[in-house]
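Same order as they appear, the protein sequences are chains A and B.
Residue 1 is where the first sequence starts when you use our numbering, and the numbers rise one by one after that.
Residue 1 is where the second sequence starts when you use our numbering, and the numbers rise one by one after that.
These aren't lab readings, by the way, just hints derived from the structure by calculation.
Just so you know, not all the hints are guaranteed correct.
[What the hints assert, rightly or not] Below are the SDA-like pairs computed for lysine to any residue, each with C-alpha atoms no more than 25 Å apart in a straight line: (1) B:Lys358 / B:Phe426; (2) B:Lys161 / A:Gly82; (3) A:Lys96 / B:Phe108; (4) B:Lys161 / A:Leu106; (5) B:Lys153 / A:Asn102; (6) B:Lys153 / A:Leu106; (7) B:Lys153 / A:Asp101; (8) A:Lys96 / B:Asn151; (9) B:Lys358 / A:Arg107.
[Unchecked claim] So the derived label-pair ranges between C-beta atoms look like this: (10) B:Lys103 / A:Lys96: 13 to 23 Å; (11) A:Tyr64 / B:Val204: 19 to 29 Å; (12) A:Lys96 / B:Gly266: 49 to 59 Å; (13) B:Ser63 / A:Gly60: 21 to 31 Å; (14) B:Asp490 / A:Lys23: 49 to 59 Å; (15) B:Asn23 / A:Gly82: 12 to 22 Å.
No residue lacks a Cβ here, since even glycine has one placed at the ideal position from N, Cα and C.
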Amino acid sequence: MEIVMSILAGILFMTGVYNLLQKQLLRIVIGTALISHGAHLFILTMGELKRGAPPILTDGIEQYTDPLPQALILTSIVISFGVTSLLLVLAYRASKLNGTDNMEQLRGNDYE
Amino acid sequence: MSNLLALTIIWPLIAGIIAAFLNNKKRVVRPLAQLFAVISSALAILVLYLVSANGTIVLETGSYEAPFGIVLVGDLLSVTLVVTTNIIATACVFYAPKSLTEKQESFFFYSFFFMLITGVSGAFLTGDIFNLFVFFEVLLMASYGLIVLGNGKAQLRESLKYVLINLFSSMLFVTTVAFLYSVVGSVNMAQVAQRVQEVEQQGVLTTIAILFFFVFATKAAVFPLYYWLPRPYVVPNPVVSALFGALLTKVGIYSILRIFTLIFVGELDLTHTIFIYLAAFTMIFGVIGALSTHNVKLIVAYNIIPAVGFMLMGIGIFSEVSISGTIYYLINDMIIKAALFLLVGVIAYVAGTSDLRKMSGLIHHYPALGWLMFISTLVLAGIPPFSGFVGKLLLIQGGLANEEIMVVIASLVSSLLILFSMIRIFVRGFWGEKTKSPPHPERSKSAGRMIWPIAFLLSLTVLLGVGAEWFYPPVEWMGEYLMDPQMYIDSVIKE
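Input sequences plus hints: build the corresponding full structure.
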């Protein structure tokens, strides 16, 4: 199961990076979203995937799920959700003000 | 008493929230923000006093014992950096009302400003790698808010690149933490440091170490990952640039310093040799960038990069002297970069342009500004008696002791070129024929008020340089402390 998840995370990273290298702004935003999904799946996989055991550790219980990756992934999801929504607004405003959503044309040397 | 440590993070957070509610009342929020920043500095100094008197303060949040919960570790290094951060923030907040336009100020500048301080202080104090990521995000979120402040065309264009590169490296950070967790089963720095010594496959750890370095090097702007840095730092208001230049890259360098003296010290030949080479390239290429432009703001922004190289050089050489050199230079560089960005902000303001070719003869109308610029040039180049000299001296001493001649030569050449790039601002901007009146006479009064925070920051660098005899012993102690990870581990994990 871990192997399948790792490959899935790898595919998400791959498509994410491919989209990140495009010129169109919206594709780049989608690329970052895919990369963050890949990262989250990866955290979950790294804590070992188990079923049917609660994340409790008391004396006598041998089988338990590691709660830490779940805490980490939750934090990380919230953060990437916030950043992605900010990025969408930013991309919208930037493309509207600059009149283009093509990264090639968003270079420019004027700083005022 | 250890709860006081959390207050240095929480107080700016509270201040930011209060500032958000009072945002429309300009007359209230300005003095209030200044008061809050001063209180925040006072708190940080109090904590520094307690730490220097009683040793490292460790706060176990929620009373979860050390390896299980999140810990905040206030050792001398992190608390000193928190104090420096707060002092810079105080200078910036006094500069802000004159520099920001009404519109920029009304977009919640003070809230974002205090959130940034929260994130930076938290990143310095945390003893947990995942928590470090969270505080990185807090400060980055605030910086996203600050960089688009005012909503200019170029600002949005450049901030897009800034957000994207930071988002990508943050995701890589999370992935790397996951890697580390799967290998050592902990995210508590002290416990990780304990366990990496017991891991059998050191090869995996080296991979993780390089990934961590990649993440922090992107944030700290190390060669070849600095290409994103100069332009986003130029477009926002000078006070925002000053905060970015003084704090953001330095958090990256601090993380490298912490992680590569505490955790990844197993493969010194590989990792730290790479650091030395990258440091040399960073110093040379950064300063070439500074020489290539006529925009005063861009010159200063490019000068961040060689400074990062100097600090990385100290970490790469990895001896007690060079690490203390890195710390001394780090503190010095935080202060001087803030001062310089504020200074070029005033210069561009009074000259009405940031193009060097269009300004001349400013010293006849603004002598104080000229002298401050001259002093800061000397500080940056590392000329005694200013603080840049002490840091560079220690770094070069450490380099010569370990026979890393190439990087020492690179650093000396780079210092000379830094002096050249900065003195160009002085020669082209301040020398020249006296004109009848300054380019914008109506601006001279507020410019006169704007130089006070800068003078304050520069006097600190003079103090750090002249008083090196007082400041050096604690810094030397910090160097020894960082070279001995066991001290950190023992203070966090009590048996």
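Can you tell me whether the CB distance of B:Asp490 to A:Lys23 sits inside 49 to 59 Å? 53 Å, holds
Tell me if the straight-line CA distance from B:Lys161 to A:Leu106 falls inside 25 Å. Given pair B:Lys161, A:Leu106 holds - Cα atoms ~10 Å apart, limit 25 Å.
Keeping to a limit of 25 Å between CA atoms, is the pair of B:Lys161 and A:Gly82 held or broken? Holds. B:Lys161 to A:Gly82 sits at ~17 Å (cutoff 25 Å).
Could you check the hint for me, namely that A:Lys96 and B:Gly266 are 49 to 59 Å apart, CB to CB? Since A:Lys96 and B:Gly266 have Cβ atoms about 51 Å apart, the given range 49 to 59 Å holds.
Go ahead and decide if the range 19 to 29 Å is satisfied by the Cβ distance of A:Tyr64 to B:Val204. 25 Å, holds
Between B:Asn23 and A:Gly82, is the Cβ distance one that fits in 12 to 22 Å? Check passed, 21 Å falls within 12 to 22 Å.
With a cut-off of 25 Å on the C-alpha distance, tell me whether B:Lys153 and A:Leu106 pass. 10 Å, holds
Does A:Lys96 pair with B:Asn151 here, judged by a C-alpha cut-off of 25 Å? 12 Å, holds
Within 13 to 23 Å or not, the Cβ separation of B:Lys103 and A:Lys96? Check passed, 18 Å falls within 13 to 23 Å.
So if I understand the rule, the pair passes when the alpha-carbon distance is 25 Å or less; does B:Lys358 with A:Arg107 pass? 24 Å, holds
Within 25 Å, alpha carbon to alpha carbon, are B:Lys153 and A:Asn102? 15 Å, holds
So if I understand the rule, the pair passes when the alpha-carbon distance is 25 Å or less; does A:Lys96 with B:Phe108 pass? Holds - the C-alpha atoms of B:Phe108 and A:Lys96 are around 23 Å apart, at most 25 Å.
When each numbered hint is compared with the structure, no violation occurs for any of them.
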